[in-house]
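Residue numbers (the numbering used here), protein chains in the order written: chain E, 1 to 296; chain V, 297 to 612; chain U, 613 to 1156.
Simulated from the structure, these hints should not be mistaken for laboratory data.
Glycine included, C-beta positions come from ideal geometry on N, C-alpha and C.
Among these hints, one or two may not hold up.
[To be verified] Distance windows between CB atoms, simulated: (1) V:E467 - E:T63: 53 to 61 Å; (2) E:T63 - V:G466: 28 to 36 Å; (3) E:E189 - V:L325: 21 to 29 Å; (4) U:G987 - E:M34: 42 to 50 Å; (5) V:L588 - E:M34: 24 to 32 Å; (6) E:M34 - V:K519: 39 to 47 Å; (7) E:V42 - V:E467: 31 to 39 Å; (8) V:G361 - U:S1132: 54 to 62 Å; (9) V:K384 - E:V262: 42 to 50 Å; (10) E:S71 - U:E1083: 40 to 48 Å; (11) E:I49 - V:G466: 54 to 62 Å; (12) V:E453 - U:S1132: 19 to 27 Å.
[What the hints assert, rightly or not] Subject to a maximum C-alpha distance of 25 Å in a straight line, what follows is the list of computed PhoX-like cross-link-like pairs (lysine-lysine): (13) V:K476 - U:K858; (14) E:K183 - E:K204; (15) V:K455 - U:K964; (16) V:K516 - V:K418; (17) U:K829 - U:K920; (18) U:K858 - U:K964; (19) V:K455 - V:K476; (20) U:K920 - V:K384; (21) E:K181 - E:K204; (22) E:K123 - E:K181; (23) V:K418 - E:K31; (24) E:K197 - E:K183; (25) U:K700 - U:K920; (26) V:K384 - U:K829; (27) U:K858 - U:K920.
For reference, the chains in residue letters:
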Amino acid sequence: METPANIETAPEVEPVQQRKVTFWTSLHRNKIAMLAFWFLIVLHVIVFIGPLVWSYTPTEMTTTGPLANWSWAHPFGTDDLGRDVFARMLHGGRITLLVGLAAMLFSLLIGTIIGACAGFFGKVVESILMRVTEAMMAIPNFFFVLVALTVLGTSPMMVIIVIACSGWMEVARVVYGETLKWKEYEFVEAANAAGAKPLRILIKYIIPQVLPSIIVSGTLMIAWAILTESAISYLGLGIQPPTPTWGNMLQNAQQYLWTAPVLGILPGAAITLIVLAYNFLGDGLRDALDPKFVKK
Amino acid sequence: MLRFILNRLGQSVVLMLIVTMITFFLINLAPGGPTGAMRMEASPEERQAIIERLGLDQPVIVRYGQWLGDALQGDLGTSFNSSEPVIKRIFDRLPYTIELTVFTVIFSVTIGIIIGVISAIKRGRAQDHFINFSSVIGLSVPSFWLGLMFILLFSVELKWLPASGVGPRGEAFDLVTYLKHIIMPVIILSMTILPNIVRFTRSSMLEVISQNYIRTIRAKGAKEFIVLYIHALRNALIPVITVIGVLIPRLLSGAVITETIFGWTGIGSLIIEAANSRDYPLVMGITVVITLVVVLSNLVVDLVYSKVDPRVKNLA
Amino acid sequence: MKTKRWLFLIMLVVTIGMIAACGSNDGDGGEQAEQPSGETGTSEPTQGGSVSIPIVADPTFNPWHPSAYAESNVINRVIFDGLTKFGKDGLPAPNLAENWEISDDGLVWTFNLRDDVNWHDGEPFTAEDVAFTFNEIVLDPDLGANNASHFSQLDRVEVIDDYTVDFHLASPVAALPAYLSFNTEIIPEHIFAGEDPWDLTSFNKENPVGTGPFKLKEYVSGQRVVLERNDDYFDQVAYLDEIEYKVLADANTHVAQLLSGELDIFALDDTSAIERIENADDITIVGRETPRFFWLILNHNHEEFQDKRLSQAMLHAIDRQAIIDTVLQGYGTIADAGIAPILSEYYTTDVKRYDFDQDKARELLAELGYEDSNGDGFVEKDGERLTITFDVGIQGDLESIAQMIQQYLIQVGIDVQLETMDWNSMIDKVVIQRDYEMTLNWWRYPADPDLTAYMHSNSADGNNIPAFSNEELDKLLEAGAQANSVEERQQIYLEAQQVMAEELPYMFLWYPQEVQVRQSSLQGIPDLAFGDALYYTNEWYIEQ
């Protein structure tokens, strides 16, 4: 919901520059968001570097045997097939995060294209695209994901695509709104009059304007994508073994809830922490980007 | 107003059409099929007989036409799996989902409003920060994991609550046993909507509190308690109630997971069963029922909102 | 296994010091598992009581209905009867048929039926019901009835008189009485005549009429099925008042309810729970042999997979005992051929065996020209790596087993790409399309050594999924199907097993044992697998 004040003060040439300053100071002041930020940095380093360093692979059956307890060789013990749980957590984390990131990027792409096209071209394009967006928002998206994955199969690519296809609507709405707003500005109109191609105007002028909102949506969307992936993995429809993900590790652990509860506690806690961090970071970014959101 | 309603109704019909079309083509063009649900030993002849019997040898587009024609006359077809009418299969299971969601809504609204009001009153103070913080946590915990942890704690360790099932029904029904069965599913499902209700109540309360008439009531010397809970909350409630309509799709999605964890045999577990066995008519039937619920609740929300909030009218 | 059990024991001792003082058999659940059970119960059977059994989904009360799966079988064989049933000695035993004889050419079987049987609605059971079931249901190709393929050699069933029928065959089938005991119950003509047998939901879903020891009392979809005693049963009337089947999809719940006494007996699928159950009082665990074997197959339609040495190398590479110990918790026997130990008349270990010996595996691979020439850990031939896609459907323990097999094969240099998929997709890809390279699964077959359906080259479109073809085996299987005496068949199937073990139509993995769990107070259960024990529900009783 755009306030008129925003439009009046919008500078004609470089509005992005000015936002940046307040953005960083504001973000720095948000302790939780900064904590989340650094936590995420550390975690990403661990799951992306860790597997290169750690001696066990996630699929090999160690000589220790199944369901072993904590030891120096296996800090998290071994699972039901005697595999090193620590190695599986590292690799699983990598896949989980990659799926989250990829699904986010892909759904931003869809959302941005649809939103921008609808806002920019108006008329028939606008009403068709926005009706489809609304339709998609009205479907309980988890049912959509469920049915789609059951029947389309569960390769990592398919999981990413299906998650992305069920989550782009919010981005499309944001981009659509922003595009409508910025389309009216003189610098865009001037470029238009000068005969610039729509795509060029989109990339050069409009995208930079909506970038901040996209970044916020993107951050929150990673959290959402990770949660969705783990939920479908829990139902056995996510990425399949032998590729470990935190979601399918959790699903497998369910059987051992009574005998080896730690197998279920670890991946669940990891998912919670990472989703929490992305949510806090996303909230922080939003507050920093748009002062209006800060404590009504 | 009439035009607005007609407009929204029209949109809803189009939406239903799109949803059924997408689902129908998705499930029909995908690998596997009802014959894959037969036993592994079934011979090619047995499978072929079933394909012909179910009319699956016809083109998808023809079958969609037939399905749509029947559906428009209120006939959702026959379940491949059980040969029973799809409607019957859905209504066998729907009551359980309704029980679960209704209890969840009651629980979430009660708790959500209390917490939301506290948060608004204590705005900016420790309680408020704590509640905000908890809401984010609530949105971040995978509900199925929390469900498993609940089972681990309350069923495995403490042995207080049954891990699964809807409990005895009919003659054997017993209220205490029933509550023991339903309490964990309700709490877990609440996690999917409670944080939103808290946040919404908070902002809605803040808006009302800052309005003139509340200041007037306060100035007249009414007790703070009465001001907050009788006057302010009453006015803050309308938007809060309507937000539940908006949360229905999320609630239904959450129900699939919750029903699976706790062996709650409702519509959520039925759709998984149906999708796994490629019972196309049943998948379609459930899709129609779910979409209908969502569309109707959106419609109601829109109507209520347009009364409450004139801005909605302008949007139409 | 042993170490794990001990670790657990130590944990127990630490937490509950008292058990250490008592000291004896609490920790060692294995001992309890070996106790004979069932018929050795000393007390007199008592009348009354109810037994609860879990099922995972809503049943269909029609054994021939294409969507009557396992959850329906366990009910249908109690409500209905077949001509024969699974005998306590593993051979087909009389049920609706009192006895049977075979013509000299092996093409006509005559069954003499009992004349004292009534349907649950009071109508008498006659030969017409048998003829109707086979001629109108099983043999109607448009219906696609369950297991109809077992009767592909059956031409028709002829009514001789009210209590005699003739089965006319196109070619001899020695296993006919065994097939007639395997989900082959008779349904009433007086209800089905003129009706569409699959759409008759008033019967299939609401009000089945059988001849069995129990009849339907109540069915609530998604909840439970309650059967009550049939006091008019033709054999000994049951002791129990009721059998309740609870619809519970989740295996964890089955275990929890067994431990809390809400369930009485079932076959445990989730072997990871054994330890918990072993530690419970009043629960008996028994391993039961079943006619099943687990297999790994290469698609013989692909030329590069036809050489038996590749299959032999793979079997040498896989530590089957380790998988049995880890995944099946020890409940299984390494398989050498397809005929399981329960068929004790035919089972043999006097065949070529493949021990866990990865060096031997590498040698065999080298003989085939597969060697690791570039030092990447994988074997190549003509510069091309041996890469095999391994398609596995998700069900039970298959996923875990597949992951272990993959690791063993990688250890000898075979690049196995494991692809797991939902069961329905697997059936479509592997069974229907035959579009696979390697897969893993199991067969459960009628209690007869006739494995024609799974290995004969004529069955390549049917259940011979590996598309295996070997003339010698074909001949032996044909001879076995036509031979009439047990002695003759024993000799034939001994030879057949030797060929199977050498040529490996399937890479035979193991014969799993069923892990049967029950409340110890439940008595009268014959020493059979759970599914087969259900033929004897009239003998079950609850010890006071």
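Evaluated hints:
1. V:E467 - E:T63: 53 to 61 Å: At 57 Å between Cβs, range holds.
2. E:T63 - V:G466: 28 to 36 Å: violated (55 Å)
3. E:E189 - V:L325: 21 to 29 Å: violated (45 Å)
4. U:G987 - E:M34: 42 to 50 Å: At 49 Å between Cβs, range holds.
5. V:L588 - E:M34: 24 to 32 Å: violated (46 Å)
6. E:M34 - V:K519: 39 to 47 Å: holds (42 Å)
7. E:V42 - V:E467: 31 to 39 Å: With a Cβ separation near 59 Å, V42 (chain E) and E467 (chain V) fall outside 31 to 39 Å, so the hint is violated.
8. V:G361 - U:S1132: 54 to 62 Å: For S1132 (chain U) against G361 (chain V), whose Cβ atoms are near 60 Å apart, the range 54 to 62 Å holds.
9. V:K384 - E:V262: 42 to 50 Å: At 45 Å between Cβs, range holds.
10. E:S71 - U:E1083: 40 to 48 Å: violated (56 Å)
11. E:I49 - V:G466: 54 to 62 Å: holds (59 Å)
12. V:E453 - U:S1132: 19 to 27 Å: holds (26 Å)
13. V:K476 - U:K858: holds (19 Å)
14. E:K183 - E:K204: holds (12 Å)
15. V:K455 - U:K964: violated (52 Å)
16. V:K516 - V:K418: Holds, at about 22 Å.
17. U:K829 - U:K920: violated (55 Å)
18. U:K858 - U:K964: At roughly 45 Å apart (the allowed maximum being 25 Å), K964 (chain U) and K858 (chain U) break the hint.
19. V:K455 - V:K476: holds (11 Å)
20. U:K920 - V:K384: violated (53 Å)
21. E:K181 - E:K204: With a Cα-Cα distance of about 16 Å, the restraint between K181 (chain E) and K204 (chain E) holds, given a limit of 25 Å.
22. E:K123 - E:K181: holds (16 Å)
23. V:K418 - E:K31: holds (21 Å)
24. E:K197 - E:K183: holds (14 Å)
25. U:K700 - U:K920: violated (38 Å)
26. V:K384 - U:K829: holds (20 Å)
27. U:K858 - U:K920: At roughly 47 Å apart (the allowed maximum being 25 Å), K920 (chain U) and K858 (chain U) break the hint.
Against the hints set out earlier in the document, violations occur for numbers 2, 3, 5, 7, 10, 15, 17, 18, 20, 25, 27.
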